[in-house]
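Peer 1: Assemble chain B onto chain A, guided by the hints.
So the protein lines, in turn, are chains A and B.
If you count the first sequence from 1, position 392 lands on 392 in the UniProt record's numbering, and the numbers rise without skipping.
If you count the second sequence from 1, position 270 lands on 270 in the UniProt record's numbering, and the numbers rise without skipping.
Since the hints were made in silico from the structure, they are not lab data.
Glycine residues also receive a C-beta, built at the ideal position from the N, C-alpha and C atoms.
It is possible that some hints are incorrect.
Stated by the list, open to error - Listed next, the stretches of chain B that the computed footprint assigns to chain A, with coverage defined by at least 3 CB atoms under 8 Å from CB atoms of chain A:
| id | region |
| --- | --- |
| 1 | 22 to 29 |
| 2 | 230 to 241 |
| 3 | 292 to 298 |
Chain by chain, the residues:
Protein chains: 2
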Amino acid sequence: LDYQHVQVPFEITLWIMLASLAKIGFHLYNKLPSVVPESCLLIFVGLIMGGIIYGLNDKSPPVMDSDIFFLYLLPPIVLDAGYFMPSRPFFENIGTILLYAVVGTIWNVFGIVFSLYGICQVKAFHLQDVSLLHNLLFGSLIAAVDPVAVLAVFEEIHVNEKLHILVFGESLLNDAVTVVLYKLFRSFCEMPTIQSVDVLAGVGKFFVVGLGGVLVGLIFGMTAAFTTRFTKDIRVIEPLFVFLYSYLSYLTAEMFHLSGIVAIIACAMGMKRYVEANISLKSHTTVKYFMKMWSSVSDTLIFIFLGVSTIGENHEWNWPYICFTVIFCLVWRALGVLVLTFFVNRFHVNTITSKDQFIIAYGGLRGAICFSLVFLLPDFHRKKLFIAATTVVILFTVFVQGMTIRPLVDLLAVKRKRESAPTVGEQIHIRFLDHLLAGIEDISGHWGQYYWKDKLEYFNSKYLQKILLREYDQPKSSIVLLYEKLERKHAIELAEAGQLGHGPSHPSLLHNDRTVVTDRKLEHTLNPDVLENIQEILTRNLYRIRRMGPAYNRHTLPGETEPVEHAKEILILRHKSL
Amino acid sequence: LDYQHVQVPFEITLWIMLASLAKIGFHLYNKLPSVVPESCLLIFVGLIMGGIIYGLNDKSPPVMDSDIFFLYLLPPIVLDAGYFMPSRPFFENIGTILLYAVVGTIWNVFGIVFSLYGICQVKAFHLQDVSLLHNLLFGSLIAAVDPVAVLAVFEEIHVNEKLHILVFGESLLNDAVTVVLYKLFRSFCEMPTIQSVDVLAGVGKFFVVGLGGVLVGLIFGMTAAFTTRFTKDIRVIEPLFVFLYSYLSYLTAEMFHLSGIVAIIACAMGMKRYVEANISLKSHTTVKYFMKMWSSVSDTLIFIFLGVSTIGENHEWNWPYICFTVIFCLVWRALGVLVLTFFVNRFHVNTITSKDQFIIAYGGLRGAICFSLVFLLPDFHRKKLFIAATTVVILFTVFVQGMTIRPLVDLLAVKRKRESAPTVGEQIHIRFLDHLLAGIEDISGHWGQYYWKDKLEYFNSKYLQKILLREYDQPKSSIVLLYEKLERKHAIELAEAGQLGHGPSHPSLLHNDRTVVTDRKLEHTLNPDVLENIQEILTRNLYRIRRMGPAYNRHTLPGETEPVEHAKEILILRHKSL
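Pulled out of the complex, with its shape left as it was, chain A reads as follows (with noise of 0.2 Å):
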């Protein structure tokens, strides 16, 4: 028996079957799911083990390695989450989603910080050694809403698509502000005097940390499409490159201490939609389905982590400081909310009611990302307290917070998600009015959301397709495909009969009227996988029209609309000839 030559990837492996048999076995329970989140029974299966392993080995069991945490569990999550942005959303919300996550973030950690402080002040509770930096270090990690914990819980109770995307896009995008405070603090502990001057470099750093993360992001994005250009001849190392790249863009920001998760989904979201439309469809479904399997595995071999390292003596039972701890998250967060959005409300049309406001303050749920940074602090001698506070703090919020959730949405009767996808002309509908709110943005001279929407896709229609999409852009549809053979088979036939004079063929100027004649048929198509492509195609060549056609651009000259006029006149052609 030669155990130690295989015992590294023996033990992860092993570690990783017992995570997924534990979710194969609450599903076979049907009735389990439902009552309790996954994130529970899979933090109560690690407590399980941990207490097995404290009891065989009598002492406390190995606590996740902060490295193994932030290097390989986090990545694959966070670029799930970002590939799978509903992007739309994100984009309309954005600043109140930057608003949470910064503004918030800081209101937290320094309303808990100054609370804690405090308490410490208490001479009944014996924590006067507890210095203000020490709070502060602690309240920088405990302050941050966890975007593992709330993916895992807010998956389940489908609440509806604005406010999901509010609280997960702000645990998200904290991770910028978490990393700025946590390491300015941890700074501070190392010096011996703290100058103003550190405290302004700090806040200029929330700017290079965020930003910085989008760039390297948003780089290491388009190389990646980039690179799927030149893939068509090796198809079955295309979904390499969309986790190589993405996994880059991670460690480059971490390496140059810049918030990886930031960049991980700039990365994401940046390629997207280029990678797919390079790579095959076989392709894509690898990508699609590995993603969903890699960060469902890290997600529950987190939380059964998080049970493992809760098991042992590494904690402090001070329960003053505790519960005020836990009381001073949830009082905290709750003011935020509320203060927040009463100005968001005040600038918005579409205003966040008090039910959803509710949630977003109860869904603040913290966990892994908090318990590493506890266990990265530097040594001293209440450490142990911060441990045990942070513990608490997580299985409080994972257990009692997201197992009441799902009967709160019910009683309160959030709003849900809509059950089925939009229709065609609500797509339709939607798309015509975005377009008239840029020309009415335009011609008013407001640079609103609408505005820049317009001028980046100007942007990405002129110069980043020409760059990152292989030239020839196939349809995926087999319909469209059938339906462009249909009219290649008309027009050589128009052509036989000489009806078709000196014009371009039919075929090249579906490009532009495709998406009219895909309406129609749209009634018998039922299949949701095809509904779903010419959904995507509406969404390129929809936009596609607006450029061509008659703009209320005030850039554009009448004689640049020709070709449109051209078009016009042969579809008309096309329809008498019908």
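Peer 2: For chain B alone, kept in the frame of chain A given last:
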């Protein structure tokens, strides 16, 4: 900048990226891969990389770690090989393959070793200090054909299926022999005296290592199949089990000093059939795609590392020894193939032609396995000589033989792989002959290949399938689903008209006559995916008919065929009603 924090994953990712980009690079120039095998190009890239590292650091670049190779790079390739192994030609030629793999490898080892030992006695070569035992160690690692190198070259030249499986099967199964001989001689190195008992124990080990590997593999394979029975509600982690269990089988086998390669092949071949039936179509696409991707990346990395590791100062260039090693490798392999094939051809109807023999002998490429093993040799003063000899043999076989084998295959007009898949008619014919032969063997009391296959199939359908498959065995093909739906509708109509009587409903009988009806529909289907599905269903169900049909089995009573008669009657009734 915090590089060492992310160093490990960053460098791994960069190496994989380099490998993938190199692969894309070759395929951009279509002419290159058609002349030079990819493995040569990759070694070349590795040589350049190694040269750069050597030039910059002025010391030898790091050699490929044997642990990394055996634990992380080799398993994906072997898994891919085992999973996509064409089982029919493999089992048809299993005797010949085993003969080549076991007897042939032993022949090669001892042939090469004693010839080299003879060379060592020549005073002019200054090799008298290389003992017989050291030669034996060297021989045991240099004699074995390498599956990775063989796969890389033979996948590109498309020889006929039998020839391919003979060379490839040998390269996979000789692992057991290599492991035994290598470990035996290593332990001899450390023993003060060698007794004849030790040699006998070594011979016994062959069976333990080989059959033990098969056993470990089958146990894990069956467990994997059993696990996928329960993944219906959690499709997303299905692909994971295929990878986890096969990797565990490899690691477990390695842990017990059994043949990991044999174990993973047995695991993959054992589970494939059941896993495919249990998991969803998308999961299966992911499994297939990811396996190909992973093995492709591993393969690329191995060849690049081979190139990198070649550069440096690890070599002792004693040219007589090196040249004679190359010559003896070629000569003894050629002799071995000739002698063994002589015996094979005497006992088989389907003979191996002299052209095939030449390609088998010439296709005996060496690769990364011997390279990793030579670095694992115990330290002694002429280890560098062995490293040099191994490097030259690998480069010679991969470059010279690998690059000339394609022109030689063309020149000799070796029978190629047929381009098209066998038609359904052919498949039915082959299967019919199988049953006929099984019947003949059964009647004549000859326990041949078909008899055992029949028994295995019986055991499978009677016990294994019941345990390992989910109970509702739904066909995946949409055409069959549609057909069942139409049938069900028809049955309801018949029932309403009172024509059906008290017979069982049609759909429940469809399992028996589905094949007949599907065949009639075949002319209308051209989609290869659908065709493949149909062929799969045929494969399963034609057997079922034979099992349920009036048997040429001595142990079946006439009464047992009653349900078939019943089904037939209803089929006739149905045909009339149509």
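Peer 1: Does each hint fit the structure? Answer for all of them.
Peer 2: To see whether the hints hold, each was checked on the structure:
Counting residues of the region 22 to 29 of chain B whose C-beta sits closer than 8 Å to any C-beta of chain A gives 4, which meets the bar of three, so the coverage hint holds. Residue count for the region 230 to 241 of chain B with a Cβ under 8 Å from a Cβ of chain A: 9. That meets the three needed, and the coverage hint holds. Interface restraint, the region 292 to 298 of chain B with chain A: holds (4 residues with C-beta to C-beta distance below 8 Å; minimum three).
Checked against the numbered hints above, the structure breaks none of them.
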